[in-house]
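Chain residues, written in single-letter form:
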Amino acid sequence: MERSPLFCRRAGTGTGFLELTFFLQQMINGVALGSLYGLIAIGYTMVYGIIRLINFAHGDVMMMGCYFAYFGILMFSLPWGASFVAAMVLTAILGVLIDKGAYVPVRHAPRISALITAIGVSFLLENLGLVVFGGRPKGFTTPDMFAEVYEIAGLMIPALVLWTPLITLILLSGILFIIHRTKAGRAMRCISHDMETTRLMGVDVNRVISITFAVGSAAAAAGGIMWAMRYPEINPLMGIIPGLKAFVAAVLGGIGNVTGAMLGGLLLGLAEILLVALMPEIAGYRDAIAFGILIFILIFRPTGLMGSKLPE
Amino acid sequence: MLRVEGLNVHYGGIHALKNVSIHVPEEKVVTLVGANGAGKSTLLRAVSGLVPASSGRIRYAGREILGLSAHRIAREGIAMSPEGRRVFVNLSVYENLLMGAYCRDDRKEIDRDIEWIFETFPRLLERRDQPAATLSGGEQQMLALGRALMSRPKLLLLDEPSLGLAPLLIREVFRVITKIHQEGTTILLIEQNAMAALNVADYGYVLETGEIVLAGTGKDLLCDERVKKAYLGET
Chain A
3 MERSPLFCRR AGTGTGFLEL TFFLQQMING VALGSLYGLI AIGYTMVYGI IRLINFAHGD
63 VMMMGCYFAY FGILMFSLPW GASFVAAMVL TAILGVLIDK GAYVPVRHAP RISALITAIG
123 VSFLLENLGL VVFGGRPKGF TTPDMFAEVY EIAGLMIPAL VLWTPLITLI LLSGILFIIH
183 RTKAGRAMRC ISHDMETTRL MGVDVNRVIS ITFAVGSAAA AAGGIMWAMR YPEINPLMGI
243 IPGLKAFVAA VLGGIGNVTG AMLGGLLLGL AEILLVALMP EIAGYRDAIA FGILIFILIF
303 RPTGLMGSKL PE
Chain B
-12 MLRVEGLNVH YGGIHALKNV SIHVPEEKVV TLVGANGAGK STLLRAVSGL VPASSGRIRY
48 AGREILGLSA HRIAREGIAM SPEGRRVFVN LSVYENLLMG AYCRDDRKEI DRDIEWIFET
108 FPRLLERRDQ PAATLSGGEQ QMLALGRALM SRPKLLLLDE PSLGLAPLLI REVFRVITKI
168 HQEGTTILLI EQNAMAALNV ADYGYVLETG EIVLAGTGKD LLCDERVKKA YLGET
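Taken in sequence, the protein lines are chains A and B. The numbers in our numbering rise by one with no breaks, and the one at position 225 of the first sequence is 227. The numbers in our numbering rise by one with no breaks, and the one at position 14 of the second sequence is 1.
Looking at chain B on its own, in the form it has when it is part of the complex (with noise of 0.2 Å):
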C-alpha cells in the first residue's frame, strides 16, 4: 500500500533521513522503533507531504505521492495524528471531529461516524461542545485519534499516540488502535513504548540517526537482543 524507497531527507544542514526504504503492506500494522531524534517524525511527515525530501520514491497504492502537497495526500486517503495532538483547542470537540472529515461531502454517514467515535470514546461525548482545549491530554490524544478517524483513512499515520499518557490510557489507546486495526486500516506507528508498538505491530523498522538498521516481523524484533537492550530496557 505504502512504500517508501530511498528517501532522502535534509532539515536545514541536517540530514535527517539517510537512504530510508519502507513497506507497509495493506491491511497491516507496521511500526517504527527508535530513540528521540531517530528521525521517526521525519518520515512521517515526509510521507504526509509536511517535509520535502531531497531525493528517493514514496509510492502509495501505486501512485507517486513524493512532491504532492500535504492537502492533495491526506484526499488520497492518508491520515495522520500528529505528535503532540495538535488539536485544535479554539474548536469544540464536535468541530474538530467535523474537521478531520472535512473532504467529505456525505453529511449522514459522517453523522454516522461522529457516533461511532463518540461511542468509542464516551468520554469525548461527554465534552461534545467543549472547546478541545479543555481536555486532559488523555481526551485530546483520542479526539485526535478520533480527528484522523474521520476522514475514513485507507492509511493512518499515528506518531507518539501514547506520548505523555497515564498506563491505563496508553492501553486505552493500543485497544483502539487494534480494533481500528481489526476494521480494515492499514496503520503505520511510531512509537517510544517499542513494547507496546512491537506487540500489536506486524511487521517493525528500527530507526537509529536517521537509517534504518533493523528490520523484522513485530514478534522477531520484540525478542532481538540488540532491541531489547536498546529500546525495550531490558539488559
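Chain A with its partners taken away, still in its complex shape (with noise of 0.2 Å):
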C-alpha cells in the first residue's frame, strides 16, 4: 500500500501494521456511509431520469422511513425484520402518494413548478414530522445483530459496518434487474427518452412512474434506516443533510443513472471519512466536502462520472 506523508503524520506511530489497519478501519467506514448515500442517491436519479424532477422531498420521505420502522417496532411491537421491511413498504406508497398528490397536477407545468412543488413537499413532510412526532430526537434501537462489533485482523468492525454494504448490493441488484430485466423497467428507460411514443405502446405512463416512485421510496427507506442505526436517533429533520448529500452523490455519479448514483455514493463517503480520518482539523468542514464536489462537478463535468451527454 502506498503511503503518502500525509498519512504517516497523521497514523504516526510509527508501526506499518497500525497505519494499515487504521486506514482499512476508514476505508470500510467509508464504503458503509458511501453505500447509504448511494442508496438514498437511486431515488433521486430513478424519478429524475423518468420525469426530470429533483424531487426535493426525496430526504425526507427517508426519514418518514425510519419513523414507520422506529414506530412498527415500538407501538406494535414487531421484530426488527418485519417492521424495516413494513417501514419499506410504507414508504415505498408514501412515495407514490406523493407523486399522485403533488406531482401528477404539476406533471405538464415548466418545470421549475414541479421543483417548487418537491421543495413545498419537502417543508410539509419535515413540519408534519415535527407536529406529529416531536421535535425531540427518539433514540432508535439497533437489532442485536447489527450491533455486535467484529474483531478482525486487529480491526474493529460493527457488523452494522459490514451488513449495510451487503444489504445496499442486495437492493442495488435488485433494482438493476426491474429496470434492465422487467417489463416495467423497460418502460422506464422508454419513458425516461421519449415520454410521449412511450404511450404509443399502451403503457400507461402514470403507472410506471408510480412503480419509479416505489421503487426510490423503499430504497431511501432501507438507507435511512441503517442510517438512524447508525448514529442511532431519529428526528424530523434528519433528512435534510443525507437528502441533499445523496443529492450531490447523484450528480457526481450522472443524474439519471443507477450505477452512477452507487458509486457517486461511494466516492462521496470514502471522501468524506477519509478526510476527517486523516485531517481532523478540518472534519468541521466534512458537510462542505459535498458541496464543494456538486459545485466542481458542475463546472468541469455537468453530466457526471457515469452520465451520459445530454441531448440538450
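Hints were generated in silico from the structure; no laboratory data involved. Each statement offered as a hint is correct.
Using 27 Å as the maximum straight-line C-alpha spacing, the simulated DSS-like pairs for lysine-lysine come out as follows: (1) A:185 x B:95; (2) B:5 x B:216; (3) B:5 x B:15; (4) B:15 x B:215; (5) A:185 x B:141.
Everything numeric in this text was worked out from a predicted model, so none of it was measured.
Got two chains here, separate frames each, mind docking them using the hints?
What follows is the structure in C-alpha cells.
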C-alpha cells in the first residue's frame, strides 16, 4: 500500500501495521457511509431519469421511513425484520401518494413548478414530522445482530458496517434487475427517453412513474433505517443533510444513472470519511466536502461520471 | 373501421384542423396527402390520443375514442409509427420490438412475431442486440414499422414512413406496407411522397391548411389535375 507523507504523519505510531489497520478501518467506514448515500441517491436519480424532476422531498421520505420502522418496533412490537420491511412498503406507498398528490397535477407545467412543489413537499413532511412525532430526537434501537463488534485481524468492525454494503448490494442488484430485465423497467427506460412515444406503445405512463417512486422510496427507507442505526437516533429534520448529500452523489455519478448514483455515493462517503480521518483539524468541514464536489462537478463535468451527454 | 367526423383541433392559437371528416374502411389503405403544416400529423395525433380535440367525433370499431388517453387507444388496437421514427435509441433493437408488444402477454406468439419481423427486415436481425441509436435512418424506420406491428394492430397509423430515406429504401418501405395490408391490416398513411402513397392507397384525402379539399380513390386523385400540379410536381 502506498503511504502518503500526510498519512504517515497522521497515523504517527511508526509501525506499518497500525497504519494499515487504521487506513482499512477508515476505508470500510467510508464504504458503509457511501452505500447509504448511494441507496438514497438511487431514488433521486430514478425519479430524475424518468420525469426530469429533482425530488427534493426525497430526504424527508427517507426520514418518514425511519419513523415507520421506529413505530413498527415500538408501538406494534413487530420483530425488527418485519418492521423494516413494513417500513419500506409504507415508504413506497408514501412515495406513490406524494407523486399522485403533488407531482401529477404539475406534470405538464414548466419544470420549475414541479421543483418548487418538491421543495414544498419537503417542508410539509418536515413540519408534519415536527407536529406529529415531536421535535425531540428518538433513540433508534439497533438490533443485536447489527450492534455486535467483530474483531478481524486487528480491525474493530461493527456488524452494521459490514451489513450495510451487503444489504445495499442486494437492493442495488434488485433495482438493476427491475430496470433492465422487467417490462416495467423497460418502460421506465423508454419514458426517460421519449414519454409520448412510450404512451403510443400502450404504456400507462403514470403507473410506471408510480412504480419508479415506489422503488426509489423503498430504497430510501432502507438507507434511512441503516442511517438511523448508525447514529442511532431519529428526528424529523434528519433527512435534510443525507438527502442533500445523496443528491450530490446522484449528480456526481451522472444523474439518471442508477449505477452512477451508487458510485457517486461511495466516492462521496469515502472522501468524507478519509478527510475526517486524515485531517481531523478540518473535520468540521465534512459537510462542505459534498457541496464542494457538487460545485466542482457542475463546473467541469455537469453530466457526472457515468452520465451520457445530454441531447439538449 | 375508423370514422372521424367534424374534428376541430386548436394548437395554442392555431386552428390546426377545421371540421375534418374522414373514413377509413376495414382492410383498406387510406392516405392523407398535403403540404407541410397542412395538419396531417395533427390528425393522426388526435386519433391516437396525443392531442386533445376541441370538438368532433372519432369513432373506432363502433366506439367513441375521442378523449381516451393514448395508452387506452393503443390497447384498443391502434398502433402508430410516429413522424421521425422515434425509436427508443437507448434500448436494443430487440427491446424496441418488445416495447411494441407491451400490451400483449402471449410470450410465445410475441417471439413468433419477432421472428417474422426479423424475416421481413433481415438487417434488424443482424443488429438485434445493438442500441437502436447505432442504426441508420432506414434501419430505424424499419424498426419503427416493426415496433408498430408488434402490437398486432387492427389499425396502423403511419406518419411519413419514407421521410428522409434513399429511393431504394422508400421502395422497400412501400413493399412492406403493401405486404402488411395484404395480411389484413387497415392502414391510414400520411405521406409527402404523394405519388407513392396514392399508388398503394384505396382512397385518399387532400388536406390543405387544416381542411379536406379533395377526396377520392387513389387512382382518381393521381389523375386529378389539381393534385398533379400541387403534389406530384407535374405542370
